[in-house]
Amino acid sequence: MLDKLLNIDRRIIFAVLTTIVIVAILFPMGLAIQISEPAKKLYREIESIPPGSYIFLSFDYDPASMAELDPMALAVIRHSFRKDLKIVSLGLWPQGVLLGQANLEKAAQEYGKEYGVDFVNLGYKTGGIVVISGISTDLRCIFPQDYTERNIDELPLLNGIDNLEPFKLVVTFSAGDPGVRDWVMIAQARYGKKVGCGSTAVQAPAFYPYLQAGQLVGLVGGMKGAAEYEQLVKLPGLATAGMDAQSLAHAVIVFSIIFGNVIFLLKKRSSSG
Amino acid sequence: MKRQVPLIITFIVGVVMVIQYFIPRQPFAGLFDTFNRWFLVIAVFALLLGLLNLLRLHVNKVKKIDKGWGYSVVLLSGLVATIFTGAKWGIGTGTPFNYIFVNIQQPMGATMFALLAFFIASASFRAFRARNIDATLLLVAAIIVMLGRVPIGNILWNKLPLIADWIMTYPNTAGQRAIMIGIALGTVSYSLRVILGIERTYLGGE
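Keeping their order, the protein sequence lines are chains D and R.
Heads up, the first sequence is in the working numbering, so the first residue is -6 and it goes up one at a time.
Heads up, the second sequence is in the working numbering, so the first residue is 79 and it goes up one at a time.
Here chain D stands alone, though its shape is the one from the complex (with noise of 0.2 Å):
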């Protein structure tokens, strides 16, 4: 009978998981989401920097976290949008420029910027922590053209931005290398710049560190992180909606653990005596 729990059929874990995660999404609970001092950092550094301002957004992520990325980009992008900031972003990987594009877009539909005046996507280019030294110096050196080829001296947001010295915070959404220690390791330790990021929940507790020794002026973790940002902005959207799939994701998985472990306990026990 142990043995017959110990190796249950793998389907059924998945039919069970899906099952949870289903029922959540159609029939959402709204579970309150508490908000940690990290994203609530972050919110308050940006909540800072005065109208009319330039920040600096990196999208260092591709479609396999932009479930986790992509909510809290727009949640942040929205935040600075309100705040009338000025966006220049680009992507260390190649696949973040569309996906930060697409934010951004949206997000300038919703507050009425316009590409060039409010907003610039320089696009990707390779070589990460080398980029990001190069723009540190010289970024028309780097980016003499946008994300679409369009020449930057044609875009009234550049006029006399010439490296990363005018923008008063960088903010990365990174899945990986390159990304979160690149920014902190030349934009911030080499250069001062403010940096903050948003990360997938997995490699968050990396980041502490950078938090603790201030490094990192907030960091926003997963897709929790997201709904936190989401509720501070005001602004409920996709990883809000997601929390209630979330939470009962992660109790299934940490039934499983205890389940499984009392199983493995009680064959161990009854094998020995």
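If you are wondering where the hints come from, they were derived from the structure by calculation, not from laboratory data.
As the structure is a computational prediction, the values presented were derived from the model and not from experiment.
Mixed in with the good hints, there may be bad ones.
List time: in silico SDA-like cross-link candidates among lysine to any residue, alpha-carbon distance up to 25 Å [stated by the list, open to error]: (1) Lys237(R) - Leu24(D); (2) Lys99(D) - Gln184(R); (3) Lys261(D) - Leu217(R); (4) Lys118(D) - Leu125(R).
Derived DEER-like restraints, expressed as beta-carbon distance ranges [unchecked claim]: (5) Ile182(R) - Ala25(D): 34 to 40 Å; (6) Arg3(D) - Thr112(R): 54 to 60 Å; (7) Asn138(R) - Gly45(D): 30 to 36 Å; (8) Phe248(D) - Gly260(R): 32 to 38 Å; (9) Glu30(D) - Ala220(R): 20 to 26 Å; (10) Leu125(R) - Arg3(D): 52 to 58 Å.
C-beta atoms are modelled at their ideal positions from N, C-alpha and C, and glycine is treated no differently.
Model the placement of chain R on the given structure of chain D, informed by the hints.
Leaving out everything else, chain R in the frame of chain D:
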């Protein structure tokens, strides 16, 4: 000669990059910018090399009708279609490239990653065992953080999010910092070995 030239280049570039960090003045600052630009150019060629290698591998597979050649046809079709549409019409909103990205690559990428949830659920039942004290500690911490980081944890016990935050802020940060310092020391020692020509495996062979 074949080995000496790369070793000399590595030594000169490595030493200049180290010096410029501590003396960010001319001529080192200028050399730093120049080397960075060169790196970006070389990186593009590396990308091209990877692309050509990918093409060669899959074209050969299709030619020989090796096992799984159908997948290679799909890959090559995708590669040609995206390069052609991107080069001809650009990648901006409303272009065919953007249509391919939004309607094919995005859902496929997200689906692949979503499958991970199922494997984690299955693995958590089969592999996550409290076999000894270390594993038990890890297991308890994982359960607290998993529940404490989602709204349901607060419903189960309102102290759970606080304990999860404490684990993330203190034990996690201490552990991560130790790992980071270890990695940094390892990187410094490896870099020195490369700059001084002691470590030569990157040249191939030896």
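Here's how the hints hold up against the structure:
1. Lys237(R) - Leu24(D): 16 Å, holds
2. Lys99(D) - Gln184(R): Within the cut-off at roughly 17 Å; holds.
3. Lys261(D) - Leu217(R): Roughly 18 Å between the alpha carbons, so the hint for Lys261(D) and Leu217(R) holds.
4. Lys118(D) - Leu125(R): 11 Å, holds
5. Ile182(R) - Ala25(D): 34 to 40 Å: Holds - the Cβ-Cβ distance for Ile182(R) and Ala25(D), about 38 Å, lies within 34 to 40 Å.
6. Arg3(D) - Thr112(R): 54 to 60 Å: Given range 54 to 60 Å: holds, Cβ gap about 56 Å.
7. Asn138(R) - Gly45(D): 30 to 36 Å: 57 Å, violated
8. Phe248(D) - Gly260(R): 32 to 38 Å: Given range 32 to 38 Å: holds, Cβ gap about 36 Å.
9. Glu30(D) - Ala220(R): 20 to 26 Å: With a Cβ separation near 21 Å, Glu30(D) and Ala220(R) satisfy 20 to 26 Å, so the hint holds.
10. Leu125(R) - Arg3(D): 52 to 58 Å: Given range 52 to 58 Å: violated, Cβ gap about 39 Å.
The structure fails hints 7 and 10 (numbered hints given earlier, in ascending order).
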